[in-house]
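Spelled out, the chains give:
2 protein chains.
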Amino acid sequence: MINRKETKKVMIGDVGVGGNEPVRVQSMTNTDTRDIEETVTQIKRLEKVGCEIARVAVPDMKAAEAIAEIKKQIKIPLVADIHFSADLALEAIRQGVDKIRINPGNVKPIERIKEVVIACKEKKIPIRVGVNAGSLEEDILQQYGNVATAKGMVQSALRHITILEELGFEDILISLKASDIERTIEAYKELSEKVDYPLHVGVTEAGTKFRGTVMSSIGIGALLYAGIGDTIRVSLTDDPVEEIPVAWEILSALDLRHRKPTVTSCPTCGRTEIDLLKLTKEVEALVENFPEKLHIAVMGCIVNGPGEAKEADIAVIGGKGVGLICRKGEIIKKVDEKDLLTEFKKELDKELKSDLSKNLK
Amino acid sequence: MINRKETKKVMIGDVGVGGNEPVRVQSMTNTDTRDIEETVTQIKRLEKVGCEIARVAVPDMKAAEAIAEIKKQIKIPLVADIHFSADLALEAIRQGVDKIRINPGNVKPIERIKEVVIACKEKKIPIRVGVNAGSLEEDILQQYGNVATAKGMVQSALRHITILEELGFEDILISLKASDIERTIEAYKELSEKVDYPLHVGVTEAGTKFRGTVMSSIGIGALLYAGIGDTIRVSLTDDPVEEIPVAWEILSALDLRHRKPTVTSCPTCGRTEIDLLKLTKEVEALVENFPEKLHIAVMGCIVNGPGEAKEADIAVIGGKGVGLICRKGEIIKKVDEKDLLTEFKKELDKELKSDLSKNLK
Chain A
17 MINRKETKKV
27 MIGDVGVGGN
37 EPVRVQSMTN
47 TDTRDIEETV
57 TQIKRLEKVG
67 CEIARVAVPD
77 MKAAEAIAEI
87 KKQIKIPLVA
97 DIHFSADLAL
107 EAIRQGVDKI
117 RINPGNVKPI
127 ERIKEVVIAC
137 KEKKIPIRVG
147 VNAGSLEEDI
157 LQQYGNVATA
167 KGMVQSALRH
177 ITILEELGFE
187 DILISLKASD
197 IERTIEAYKE
207 LSEKVDYPLH
217 VGVTEAGTKF
227 RGTVMSSIGI
237 GALLYAGIGD
247 TIRVSLTDDP
257 VEEIPVAWEI
267 LSALDLRHRK
277 PTVTSCPTCG
287 RTEIDLLKLT
297 KEVEALVENF
307 PEKLHIAVMG
317 CIVNGPGEAK
327 EADIAVIGGK
337 GVGLICRKGE
347 IIKKVDEKDL
357 LTEFKKELDK
367 ELKSDLSKNL
377 K
Chain B
17 MINRKETKKV
27 MIGDVGVGGN
37 EPVRVQSMTN
47 TDTRDIEETV
57 TQIKRLEKVG
67 CEIARVAVPD
77 MKAAEAIAEI
87 KKQIKIPLVA
97 DIHFSADLAL
107 EAIRQGVDKI
117 RINPGNVKPI
127 ERIKEVVIAC
137 KEKKIPIRVG
147 VNAGSLEEDI
157 LQQYGNVATA
167 KGMVQSALRH
177 ITILEELGFE
187 DILISLKASD
197 IERTIEAYKE
207 LSEKVDYPLH
217 VGVTEAGTKF
227 RGTVMSSIGI
237 GALLYAGIGD
247 TIRVSLTDDP
257 VEEIPVAWEI
267 LSALDLRHRK
277 PTVTSCPTCG
287 RTEIDLLKLT
297 KEVEALVENF
307 PEKLHIAVMG
317 CIVNGPGEAK
327 EADIAVIGGK
337 GVGLICRKGE
347 IIKKVDEKDL
357 LTEFKKELDK
367 ELKSDLSKNL
377 K
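First to last, the sequence lines map onto chains A and B.
In terms of the working numbering, the first sequence is residues 17 to 377.
In terms of the working numbering, the second sequence is residues 17 to 377.
This is chain A alone, in the form it adopts within the complex:
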């Protein structure tokens, strides 16, 4: 069992992050925020696959002014991503945004960030301090030989946090993103020892779908495994909707949260005597939309099959043209390969207390 570090809880709209809340899944739109229809369409697609918090870029006043209308049409909380401008932040807050991502040290003069903080306090809106290795302050870079180090990233975050704390504001989340795994892990680990604010975890600029999935799985995975991370963002150079299944798979792989049953299946080898890949894909498709935790094992032979079956709620072990169906390690049926999916479906129906026949392809 992963021992999650306890952090302060903050509310983003009606979604709690930190404290005893589950690790939240979030993403960011890549539409033009001023195009309300396109942005809402993308957020609805994100909601459908399990995104719990959506962020939009707010590069100008017209984007800020779109927020109220976008919020009206979506269900999940909305975050405004703002650089440098107090005016944009204040407008986003007026529009009813649920969180602001802004780095207070970048807002000049300091009086302007005070206005933002007062507005956030009034509406109970949290602020995320979002440090990126790619945009570290010049003076911090110089301290570390003009290189963006993990220590420099932590120092930058603490500087922004101090500004907020000195203004009596503690409704804070923090992220520390780098485009490589080592700095990402090092920076979050160091910051996690220094503050109790909830952490938004991710590897930034992770690349296209395949590379980004591997990068994010390693980086976010290592941090979650160490108990660090209250909300996660998988960054992919792709449709942001693609990010959500990766985020959920990371949470499921670490047994932190499950959005559907998990399927353990063996890689098959020269010993496998049934079409395991086909069977596994069919089983996966079958349970894809069942929002329940269930451990299913699909195994190709008797070497590791019985052991894995023992640990699964329900399992199939393939043999030569036949399959054994097990429940909690007990063999309950022996069936012909051709009937395996149908028979397995019946057992899954019992397990999930629902009728899977409509899902059966």
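Be a bit skeptical, because a hint or two may be false.
When chains are identical, the list treats them as one kind, so a pair holds in a single copy or across two.
[Unchecked claim] Lysine-lysine pairs mimicking DSSO-like chemistry, simulated, CA-CA at most 30 Å apart:
(1) K210 with K366
(2) K91 with K124
(3) K60 with K297
(4) K336 with K60
(5) K225 with K354
(6) K137 with K297
(7) K21 with K297
(8) K24 with K294
The hints are simulated quantities; they were obtained by calculation from the structure and are not laboratory data.
On a predicted model such as this, the values are computed, not experimentally measured, just so you know.
Dock chain B against chain A, hints included.
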């Protein structure tokens, strides 16, 4: 920089594993080993994508007898995966196999494993002890409340190792696979403190391609990040050829080994003003087959673009219809979006000292 634990070096054919050798990429065929043509075809496909060691299941004598002919037709070392049978191991050795995977404690009576060890010594063939959580010995399971724990897995491995060591054999590799990440990490970390033999690392029965990629990235990634692992196997319920790019991507993500240039690219957002996904995919396709280490960044806007460009060998930063091309952080060209790929290709050509035009789609 990851500080790899130093292990003893063993040779699998002409491929060194452990010591100062790079982390090796391996896989296992899922063909019928007795079908020489099909098995060779699959191994050749594995070789082509970067597999460095191939394993075949040897469930019967006919499979063992196929080994010499398979070896004749392939370039990479071949491993025989054997359960329980000294006869199959001895035949595989006679056939010229490069490594045996067998658990000595499972070969009865003990005299039979002596014969195998003598044959391995004579031919300088290493043995991998491969413990799987799904097939732990009964007496060990019972010590831990009938549950396959990480400690039980380590105990099982040490028992097998002791048998080999008592026979004066130390040409050993070890794996400790479980189908969940926590046990996998815990078991390898504990064993790594106890022995200096090279470790073969993987998460077993990790699932189909998507889940297996995430599971393996987290599990193998966490171990490699901790300096543990001399050879890796990504297990997917799929064509084993699919496992190799995942393995290489894990190594590349951790900057341990590179088989092609790495492309850092931003997730795009409402600020992005060029078609970044298209450009990134084109750049990736361009460098896919260049076996050189090179860090390329493809960034969508000026917020993090310049910082990332500074850390990359060569970078593009997109603006409104234009792009900046940078080399080691210095802007060297400003070009129209329509000419960006062509111009970038020219710069890549210089960097890679080769003609990329043939790769340009």
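Tested hints:
1. K210 with K366: neither (49 Å within a copy, 46 Å between copies)
2. K91 with K124: neither (34 Å within a copy, 64 Å between copies)
3. K60 with K297: both (27 Å within a copy, 26 Å between copies)
4. K336 with K60: between (46 Å within a copy, 28 Å between copies)
5. K225 with K354: between (36 Å within a copy, 24 Å between copies)
6. K137 with K297: Neither: 50 Å inside a copy, 44 Å across copies.
7. K21 with K297: neither (36 Å within a copy, 38 Å between copies)
8. K24 with K294: For K24 and K294, neither the intra-copy (46 Å) nor the inter-copy (41 Å) Cα distance is at most 30 Å.
Figure legend: structure checked against the earlier numbered hints; hints not met, in rising order: 1, 2, 6, 7, 8.
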